[in-house]
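Number of protein chains: 2
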Amino acid sequence: MSLKEIAREAKDAFSSIQALSSEERDEALQLIFDELKTAKNQVLEANTLDMEAAEKLLAEGKMSKSMCKRLDLRVSEKYESMMQGVLDVKNLPDPLGHISYANKIDDGLELYRVSCAVGVLLVIFEARPEVVVNITSLAIKSGNAVILKGGKESTHSFDALSNVIRKALSKSKVPLDAVQLVHSRDEVSQLLQLDEYIDLVIPRGSDTLVKNIKNNTKIPVLGHSKGLCSVYVHEDADLDQAVKLVWDSKTNYPAACNAVETVLINQSVLESHFPAITKKLIDSGVEVRCDDASYAVAAKALPEAVASGKLKHSVVEDYDTEFSDLILCVKVVNSLSEAIQHINLHGSKHTDCIITTNEAAAKRFMTGVDAAGVYWNASTRFADGFRYGFGTEVGISTNKIHARGPMGLEGLTIYKYMLRGHGQIVGDYGVGPGKRSFKHEPLPAKHVSEL
Amino acid sequence: MSLKEIAREAKDAFSSIQALSSEERDEALQLIFDELKTAKNQVLEANTLDMEAAEKLLAEGKMSKSMCKRLDLRVSEKYESMMQGVLDVKNLPDPLGHISYANKIDDGLELYRVSCAVGVLLVIFEARPEVVVNITSLAIKSGNAVILKGGKESTHSFDALSNVIRKALSKSKVPLDAVQLVHSRDEVSQLLQLDEYIDLVIPRGSDTLVKNIKNNTKIPVLGHSKGLCSVYVHEDADLDQAVKLVWDSKTNYPAACNAVETVLINQSVLESHFPAITKKLIDSGVEVRCDDASYAVAAKALPEAVASGKLKHSVVEDYDTEFSDLILCVKVVNSLSEAIQHINLHGSKHTDCIITTNEAAAKRFMTGVDAAGVYWNASTRFADGFRYGFGTEVGISTNKIHARGPMGLEGLTIYKYMLRGHGQIVGDYGVGPGKRSFKHEPLPAKHVSEL
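The listed protein sequences correspond, in order, to chains A and B.
Counting in UniProt numbering, the final residue of the first sequence is number 451, and the numbers go up one at a time with none missing.
Counting in UniProt numbering, the final residue of the second sequence is number 451, and the numbers go up one at a time with none missing.
Check before you lean on any hint, since a few could be wrong.
Intra- or inter-copy, both count: the list cannot distinguish identical chains.
Restricting the straight-line Cα-Cα distance to at most 30 Å, the calculated cross-link-like pairs of lysine-lysine (DSS-like) are [what the hints assert, rightly or not]:
1) 439 - 214
2) 173 - 280
3) 446 - 363
4) 280 - 211
5) 4 - 446
6) 171 - 152
7) 435 - 65
8) 90 - 279
9) 439 - 90
What the hints contain is simulated information worked out from the structure, not anything from laboratory work.
Here chain A stands alone, though its shape is the one from the complex:
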């Protein structure tokens, strides 16, 4: 089947799903859960093939340890938690049919804005095989069709999971072509041209992958390329909170996009707060790259950190770098405005935090910083769909339209305006004799099922 055919089949499948009830979509998710349970051994055998190849590449230095780890579906409860994820999505409220605007335009002329699926999604990701299952669940729950493109490292796992999903869908009312899988890299560039059929691209992967996709398509792209988060230690920061929050934001999972990369500290608390912050970081193996002012204070307080090479001078590029590792850079600022300006210029609009006991300063920071997440006294690591209470996430968006921050089911929906009339024409409205005026009164309906 050509890629154009795949995309057209996906579009047709999207049309068919629109006619299904919430129960019918949920039933498909239950069937996927059941099939995953039955096929566990098969899938893990396929994953073992991928892992053997990956371990060879690891030994040859051609694959990173962290990628190799992400590929592995066999560890502890990973398979079970993937399965549970399908049920978790199934148990979320239906995101479709909600009315967000209802207006009586005139007697017998009612307008409703109703949430509906976006259409055909193209999801491009790298290693993790379980993403196939996560994204499939979210797409079906939200009434979208999806074309999935995974990394070649996980080909066997990916095929096995795809077979499980197809088997489940064949028993459900969701058409088989609602979830399709493609492999080679060439296919991506061709799919990116099919804006007639594909409504939204969601890339999950490296900065390079995302940038490359954005440069090569007219289809809207939702996601994030870089995650450069900052924490600002304000002059009214509580010392214990500053130490704990910077430490957790950096070390809880340094490779995550919501880990902190830059710490800004106010001049007036440099002597009082910075040594303790630095000590805690360095004790956890973090390399701290400082501007001159912060280096002087830290080096004096922690000569052993200078000796061990963990305390360093920063270079200008550090303030535009997502380290994704146990490294962070530090800059001293003189004011809240300077901190906000630095973040808006160098940050990636992902998640930024102020540490302060001063409410007015916190409000100014949260209003002034242009980011998907603006935090007051909380770790940047909270930027996550599960922690936000969405159940799960499709990804995190640093876009400034449609969905921003962790994207759950709602990020996969849009709305349509439904107008119910009794033959009204526009020519009857306006000014002058015999013309009607609009009423524009709010209506109470909250769900399309009430209409």
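Assemble chain B onto chain A, guided by the hints.
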């Protein structure tokens, strides 16, 4: 000033506006209204210069009559209604600061999703000079900065209006650079590259203009290229409604994007309904292009229409054409499914209508048609921000993300997640001894002013 500087200034202006109150933004709108009142003669003199050039081009056949008409600010109440538009926008509720998700993650850890401005808008439009004032009002009200690029036909009017706006802003707290104007066509292609500073492009103009913009930028584009709306006359259509709705949808303003271009009619009401529908259209000067089945019925009933050349055979391209004129094409279908399929394949996802007294059929149509507006027994011409009750509109979007259909102030906003903690770190949550669980309880706040 280079274009990059213009864009950077706009970004800075956006940051400054975030700190302003609703009252301060409204005050700027009042000042613009006042200055427009004072400068009426100056602006109309500038418009006369544009009109003189336009009339010359019109005489030489280099400009269309409709474009010439759109340029003219001097006719009847056009200037006053432009002025009134500024006050109308001022009087709308503030779109910023609304909370659409509020969740207690844990004791003392509260998450709010708060509406905020998108950033820097680039609005590209063709003739109408009053668009400068409309868009400026909407941008300021919603806390965005805007770079405006108008057509060269309206250069003088545009400069005059721009001076009025700058004079007004210089007396307000909104920075001057929040509204900037650029002229030449070259500038557009350069601006489209500045994705670092510009957050959203809104083109208002021809299909060619919009397509060209989409092909040349990584910045998200909101708007519509084509407006190909369809009306389906179902087998249970009321005859009078069918005649009136098709007629209004076509003739009320044929150049509008929400005018109907294709009429689908069910086989079973072809004999009973189609002659009257056609007669009413032809009496209003519409050219009706029919497929074989509908031609046979109409030609038999209306031999005079054949003689006058207003009743014609359609060609296959007609069903993909936005005529923007007193022309429409007709196709006979055998079922509701066939009508839905035709619309999803040939329509532009703008606005489509079913005429029927059958509720089940109407619901199937409104669920199955993938368009910004799905109508039941109402003219497609209702697709408009004012008629929808938004006060005014920035444009109409056929996009399937962010904003769809008429875009008012809400379409110019996005949200940010604000998290208010007391030093919570992610490492404290999870499973195991001493770990905390998330509470995820809804919170009641509806506006950021309540926090």
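Verification of the hints:
1. 439 - 214: This pair counts as neither: shortest intra-copy Cα distance 44 Å, inter-copy 37 Å.
2. 173 - 280: Neither, since 55 Å and 45 Å both go past 30 Å.
3. 446 - 363: Intra 33 Å, inter 17 Å, cutoff 30 Å: inter-copy only.
4. 280 - 211: neither (35 Å within a copy, 54 Å between copies)
5. 4 - 446: Answer is neither; intra-copy 38 Å and inter-copy 45 Å both fail.
6. 171 - 152: within (29 Å within a copy, 60 Å between copies)
7. 435 - 65: between (73 Å within a copy, 28 Å between copies)
8. 90 - 279: neither (45 Å within a copy, 53 Å between copies)
9. 439 - 90: For residue 439 and residue 90, only the inter-copy Cα distance (20 Å) is at most 30 Å; the intra-copy one is 41 Å.
When each numbered hint is compared with the structure, violations occur for hints 1, 2, 4, 5, 8.
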